[in-house]
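J.: Taken in sequence, the protein lines are chains V and H. According to the numbering used here, the residues represented by the first sequence are 1 to 340, in order. According to the numbering used here, the residues represented by the second sequence are 1 to 363, in order.
Note that these hints are calculated values from the structure, not bench results. Only true hints are included.
Distance windows between CB atoms, simulated:
1) Pro142/H - His8/V: 45 to 53 Å
2) Lys256/V - Glu135/H: 33 to 41 Å
3) Pro332/H - Gln156/V: 18 to 26 Å
In this text, a Cβ means the ideal position worked out from N, Cα and C, and glycines have one as well.
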Amino acid sequence: MSSHATAHVPLMIVQNLSKHFPIRRGLLKRTVGYVRAVDDVSFTILSGETLALVGESGCGKTTTGRCIIRLIEPTDGQITYRDDDGNIIPLRQLKGQQLKDFRRQAQIIFQDPYSSLDPRMSVANIVGEPLAIHQTESGSALSDRVVQLLKSVGLQGDHLRRYPHSFSGGQRQRIGIARSLALKPRLIVCDEPVSALDVSIQAQVINLLEDLQAEHGLAYLFISHDLGVVYQISDRVAVMYVGRIVELAKTEDVFKHPLHPYTEALLSALPVPDPRKHSSRIVLEGEVANPANPPAGCPFHPRCRYAKDICKHEAPPLRSVEPEHFVSCHFAEELHLRGR
Amino acid sequence: MLSIPIPADSIFNMTTDHTSASPSVLVNGDNIIVQVRELAVQFNTMQGAVPAVNGVSFDVPAGKTLGIVGESGCGKSVTAQSILRLLPSPPARILNGEILFQRRNGEVIDLAKLQPKSPEMRSIRGNEIAMIFQEPMTSLTPAYTVGEHIMEAVKLHQGVEKREAKKRAVEMLDRVGMPQPSRTVDAYPHQLSGGMLQRAMIAIALSCRPTLLIADEPTTALDVTTGAQILDLMERLQAELGMSIIHISHNLGVIAEVADEVAVMYLGRIVEQATVEELFGNPKHPYTQGLLKSLPLVGVKRRLEPIQGVVPEPNAIPPGCAFGPRCPKFMPGKCDASIPPAFQVGPAHTTRCFLYEESSAGK
Chain V
1 MSSHATAHVP
11 LMIVQNLSKH
21 FPIRRGLLKR
31 TVGYVRAVDD
41 VSFTILSGET
51 LALVGESGCG
61 KTTTGRCIIR
71 LIEPTDGQIT
81 YRDDDGNIIP
91 LRQLKGQQLK
101 DFRRQAQIIF
111 QDPYSSLDPR
121 MSVANIVGEP
131 LAIHQTESGS
141 ALSDRVVQLL
151 KSVGLQGDHL
161 RRYPHSFSGG
171 QRQRIGIARS
181 LALKPRLIVC
191 DEPVSALDVS
201 IQAQVINLLE
211 DLQAEHGLAY
221 LFISHDLGVV
231 YQISDRVAVM
241 YVGRIVELAK
251 TEDVFKHPLH
261 PYTEALLSAL
271 PVPDPRKHSS
281 RIVLEGEVAN
291 PANPPAGCPF
301 HPRCRYAKDI
311 CKHEAPPLRS
321 VEPEHFVSCH
331 FAEELHLRGR
Chain H
1 MLSIPIPADS
11 IFNMTTDHTS
21 ASPSVLVNGD
31 NIIVQVRELA
41 VQFNTMQGAV
51 PAVNGVSFDV
61 PAGKTLGIVG
71 ESGCGKSVTA
81 QSILRLLPSP
91 PARILNGEIL
101 FQRRNGEVID
111 LAKLQPKSPE
121 MRSIRGNEIA
131 MIFQEPMTSL
141 TPAYTVGEHI
151 MEAVKLHQGV
161 EKREAKKRAV
171 EMLDRVGMPQ
181 PSRTVDAYPH
191 QLSGGMLQRA
201 MIAIALSCRP
211 TLLIADEPTT
221 ALDVTTGAQI
231 LDLMERLQAE
241 LGMSIIHISH
251 NLGVIAEVAD
261 EVAVMYLGRI
271 VEQATVEELF
281 GNPKHPYTQG
291 LLKSLPLVGV
301 KRRLEPIQGV
311 VPEPNAIPPG
321 CAFGPRCPKF
331 MPGKCDASIP
341 PAFQVGPAHT
351 TRCFLYEESS
361 AGK
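Excised from the complex, chain V in its bound form (with noise of 0.2 Å):
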């Protein structure tokens, strides 16, 4: 365990990357436009770190999460990584054994412990499969390893031989979680992993999950929309809107002062279990905007309570504000947001 170095380096770099995906209409199924789930996004993975990637629903997070493990393919966009002896490897141009052993380094927990396993698998095959497929351990040494894979997540050597369906949510993400971990990778993109489960389990989780980053200075990034969750778990947030990051800093930064107006608006939409700190909501005119037809300039204008005019015409770039705070926003200077 020790020689995993808490030293944030970057473990994995995405310049510029987007996502495309084609409208098809009529007979021939021609494209008629292009749904723009990612575009041109940029950010910074650090090895052991937590980094969250938060929005609504449909604003890429998702598919960001999937494209910089390739599961599935970007438009466009670099995506580098740095393994384990320092070589800088450009993802996108991995092809057959070099992709494959990528895969090793790079794992995803799904948000819906359900659907994610197969059920006519036992639990055995589910977490031995990763070791099977990679053959870095058979027989007797691979079902050593499930069982110590399994008690490492906080379940039984005799759970091996039961079906997904025996078990809980909670036990099932545990399951998932498990196989995560079966290759030793340095990263696991976490999709909404706590979001089906209830409070109690949910904690449970969590805790889980910030143990085994400290054990094996794993860099996680977390997808998720619970603000809390993502206070909780997160070194930096980035926040996402229509395709685009609009805020990325410290999670301190981001939740005490925030620069962006949907990252204010976000915050305050959040409900707090306690009575007497009712918050004055701010309430977004609207909905979000449709990434197959965005609107122009910047993507948030139509619902900012901000908005000038140049927010119609000109789309702000992601800039630095602030020492290690970034925020695409014409006034990010000029403004003065509440935070939590």
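Using the hints provided, position chain H relative to the given structure of chain V.
T.: Relative to chain V, chain H alone:
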């Protein structure tokens, strides 16, 4: 001090004597719209009878919001659906209890005694008591327009003509903040977003001006900012129309914002009941305390303290206090011997936990 356990039914209405609960209680009571007493519901399944709700009692005062909070399977939705008699029977069966409802005409009626399909129940459901559901996407009929949903209720309960009903539908949609109500009245559910559908559902529910609205996780399926819009809307409409609300949620944050009084449920029972300030400021039951300790809070980075173990299956409820096996303050021989009654721990604060047997002053 002497310990005098207080029956669970005397929570917000100390003067009530439920053994002689006569309809006049409601009229004399402090403007109570609905009074549930010792409600017990079970489901008869292939594996035997499963108790879903047991000994649940609460009052909902006029114009106030009762929040019911608890994790999946605690019986909060079953409680709500029992009031409207929406549970299919079989398998569901109301074993015991009263659901006294004060009608608009002043009459008090026990909903638990009515047949679900009786004319009285039908004249109350959707008219005097309405409900909004968690999933706006699946709760509307896809083959009918939003307007037709509202018109059905208005025509049925208020006996107005089609043209007048449509006019009211447009008014209602306008009232819930639907953009371009005269156009969306003819829209089909698939043409609207989740937030718009939830607005439509609220419009349907409120079209007959109910005195009680039951909202079962109305914001759970929605995005944060959309959920905030819906909570805001419900707050505004409650102030305008003066209805009572039973708001069911698993989200303690939402409950803290909307409720006046809160009931915490665990495995079919109310384990703690208090005003919202008391419940969050001074939680007494180890389950409530556990829930609050396991909740991540913005502004406070700390190690979460989850409740140990998992919720048992409803057909294997532990003897005595059902929370016993997961409780950090479990007292062997006490907690597993009998079900704790509701002890009074404050002026409007009761909890079902033996820890307060000694301290609870007899009132």
